[in-house]
Amino acid sequence: MTTSSVQPPGERLLPARPGWPDATGHFGVFGGRFVPEALIAALDELTEAYEAMRVDPAFLAEFHRLQRDYTGRPSPVTEVPKFAEHCGGARVLLKREDLNHTGSHKINNVLGQALLTKRIGKSRVIAETGAGQHGVATATAAALMGLSCTVYMGEEDTRRQALNVARMRLLGAEVIPVTTGSRTLKDAINEAFRDWVTNVETTTYVFGTVAGPHPFPAMVRDFQRVIGDEAREQLLEREGRLPDVVLACVGGGSNAIGIFTAFVPDEGVRLVGLEAGGDGVDTGRHAATITGGTPGVLHGARSYLLQDDNGQTIESHSISAGLDYPGVGPEHSYLHDIGRAEYRAITDAEAMEAFALLCRTEGIIPAIESAHALAGAMKLGQELGPDTLLLVNLSGRGDKDVETASRWFGLGDREEVDPGPGLDTGQQPTEGAVTNDEAVAGQDAGETA
Amino acid sequence: MSALAERIGSAQAEGRAALIAYIPVGYPDVPTSIKAMVAAVEAGADAVEVGVPYSDPGIDGPVIQEAVDVAVRAGVGMRDVLRAVEAVSAAGAVPVVMSYWNPIERYGVDRFATDLAAAGGAGAITPDLIPDEAADWIAASDRAGLDRVFLVAPSSTEARLRLTTAACRGFVYAASTMGVTGTRAAVGDAAEQLVARTRAAVGDNEQELAVCVGLGVSNGDQAAEVASFADGVIVGSAYVRALLDAGDETETVAAVTRLTRELAEGVRRAGVRA
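In order, the protein sequences belong to chains A and B. With the first letter of the first sequence counted as 1, position 206 gets the number 206 in the working numbering; the numbers rise by one all the way through. Position in the second sequence counted from 1, then plus 449, gives you the working numbering.
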C-alpha cells in the first residue's frame, strides 16, 4: 500500500485529482456531453466558474466553513463489532455520512453547487431527487443562501418518500411530482433538464450525482471526495493502516465516488460498489446498471445503462428510491472497465436483512440505500475472513425509510415485534427472522408504497 | 449533392422556404404514422423528419412525449423507422431521420448509416449530439454520403455557431427559442436574430448551408413569418397534436393534410411578400 501524505483540510479541492476526466469531460470512452446545443453555453459557464472557484482561497474557506459549522464535518468513523459478527469475523468501520445535517452525504455536493450558483449570479436552483435526500439537501442550501428552489421528483417516489416531500416544502422549495415515463428518478432528471433548457438564464441545475454532462461528474466528485479524504486520514490515525476494502452503494454513484477517490491511488485497497439488485439481476427487475447493463448514452453522458435492443432505457426496480436509476456515473463505468473498482448486485431482500441487522445490533437505522453497502460488507467479510478491515460508507440515515421498512418487516400494528434476523443467537443472517411470507407481503407493499 | 440541400434549393428557386414536417414513427401505430407521413408529402411537405421514438426525449415537450411514449411501449425500433423512410422517399419527399443519439448508437453507427442510405434516407438530425462528440457519426455519414444536421440555439456563441455549421451538411437546425418542443403563441425575435447570426457564421466558414427554423411553429401565419427570414420551416408538435386528436386513420390523414396545406400556403405567402 502506498502512504501518500494527508492533505490539509483547506486544500482538499485543489490537487490530487485522478488523471481523469480529460479537459472535455471524458473518462476513457465514458462521460462527455450528450445534450442539446442550447445547454452548452450554460455548461461552459459552469465549468469555467467551477474551475476558477476550486482554486480560489476565499471560496474554499467559505466552503470549508460551511462543511464544518453547518454540515458538522468531519463525520466520525464508528466501529460496529456486533454487526461485524455477521461479517465472517471481519472488522467493520462505518463512515458516518448519516450524521451530516439533512441526513446524508448529499449536502456535501449541494453546498458547493449552491455557492457556485451565487457566484455566477443566478437566483434559482432546480434539482432532481429520487429518495428525496438530494432534494432536501438542495432545498436546505437554497434556504440558507436565499435562492429559490424547485425540485422534480417522480410521482412514484413522492409516495415512497412522503416525509422528504414534506421536509422540502417546509424548507420553502416547490416540489413538482413528475408523471411521465416510469415516474421515478430518471424521469425527474428529464423534467429538470427541460426546465433548465427553458430557464437557463436565471437557473442553475444542481445535479445530485456524479452523472450527467461534463462538468457534473467531475465537479460532484470533487465536492464529495471529502468523504474518502477524511476517512483515509481517520483510518490511518486510529488503525495505522488503510482498509482492505472500501464499500459503498451505487445508484448514480456519488457517495461511492466520494469515498473511493482518496483510495484510488492505494492499489492494495479494493473498491467495491454495491448496486441495487432488486428482485435479482436474473429477473430483469433490478437497478444494477454495471452488473446488468451495457454502454450507451443517457442523461448527457456515455456510461453503462439498462437498455433494450432499440436503445430505449429500461425501467429499473429497487426497494430503494435512491438507487432506483437505470444509469450510473461515467467514472464508475471507467473504474469498472480499467479494473480499479468492482461492482456487485445486492437484492432487496439482502439489503433489508442488513438494514434490520444494523438497527438491532448497533442502534443505527441506515438508509436503505446504504444498507446495500452493509449487505456487501456481510458478503465480503464472509469471503475474506477474520481480521479483514472493511470500511463502509454509511451514506445516509433511514428515517425516511421507516414506513417502507415497517411494511417490509410487517411491523405495522403489532404490539410485539419479532426480534429480527438472528441477533445474538448465532444464527446465520440469511436465515433471518423475517419469514418468507412476511418478506413476500412486505415486498408487495414496498413496491406499491 | 446533398438531397436536403437540393430540395431546399428547389424551394428557393420557387421563391419560398421549404416545409419540413416532423412525424414520429409508431403513433398511434407504425402503419398509421407512415400514412400520415405520406399524407404530409402529398399535401406539400418538402421533407419529412422521420422521428425515432425514444424513452427519454430530453428536449421534447408534453405533446411529443405523449406520442413517442406509446411508440416506445409498443417496441417500435429502427427497422420500423427505415420502413417509414422508404415510404416517404417513394412518395416523393426527402426523408431525414430525427433521432436522439442512443437509439443510433445502440443500432450501430455504421450499420445505421449504411441502412439509412439504402432505404433512401437523406441523413439524420441529432438533437442531443453536438459535433464535439460526433466523430463516429461524421465518419459514418461521410462514408455513406448522408447529410448530418446539428442544432444551434440562441445561447450558442459565435465560435460554436461556426463550429456547428461547419460540421453540418444538408441544413442547420436553428432551435428558435430556449426551451422544449411545443406550440407557441409567438415565435419571437430570437429566431430571426439566430438565423442572422447563423448565416454570418456560415459566411465566415465560406460555406453554403441552408438555415431552417424549428421549435414553436404551429400554423400558417407563423410559417409565413419564419419563412420570411429562414430557408426552411420545421413543424413538429402541431403535427403530433393533430395525430393525438385524431380518432382513426381517416381522421389522421385528413388532419395532417389540412395542417400541411395551411403550412404550405404559409411558406408560399411569405415568398410573395419577400
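Keep in mind the hints are simulated off the structure, nothing from the lab. Watch out, some of these pointers could steer you wrong.
Chain B stretches covered by chain A per the calculated footprint, using a threshold of three residues with CB under 8 Å from any CB of chain A [said to hold, decoys possible]:
#1 451–465
#2 492–500
#3 562–569
#4 589–598
Ranges of calculated distance between the beta carbons of each label pair, as one might list FRET restraints [said to hold, decoys possible]:
#5 585/B x 79/A: 32 to 38 Å
#6 652/B x 294/A: 42 to 48 Å
#7 23/A x 464/B: 45 to 51 Å
#8 123/A x 522/B: 49 to 55 Å
Positions of the beta carbon are idealized from the N, C-alpha and C atoms, including for glycine.
Now for the hints, and whether the structure bears them out:
Remark: the region 451–465 of chain B is not confirmed as covered by chain A, as 0 of its residues place a Cβ nearer than 8 Å to a Cβ of that chain, below the required three. As drawn, the region 492–500 of chain B meets chain A at 0 residues by the rule of a beta-carbon pair under 8 Å; below three, the given contact is violated. Counting residues of the region 562–569 of chain B whose CB lies closer than 8 Å to any CB of chain A gives 0, so the stated coverage by that chain is violated, three being the minimum. Check on the region 589–598 of chain B: 0 of its residues sit with their Cβ under 8 Å from a Cβ of chain A, so the three-residue criterion for coverage is violated.
Checked against the hint of 32 to 38 Å, the C-beta distance between residue 585/B and residue 79/A comes to roughly 50 Å, which is inconsistent with it. Evaluation of the 42 to 48 Å hint for residue 652/B and residue 294/A yields a pass: the beta carbon distance comes to about 43 Å. For the hinted restraint 45 to 51 Å between residue 23/A and residue 464/B, the CB-CB distance of approximately 47 Å keeps it satisfied. One distance hint, 49 to 55 Å for the beta-carbon pair residue 123/A and residue 522/B, is violated here, with the actual separation near 39 Å.
Violated hints for the displayed structure, listed by number in ascending order: 1, 2, 3, 4, 5, 8.
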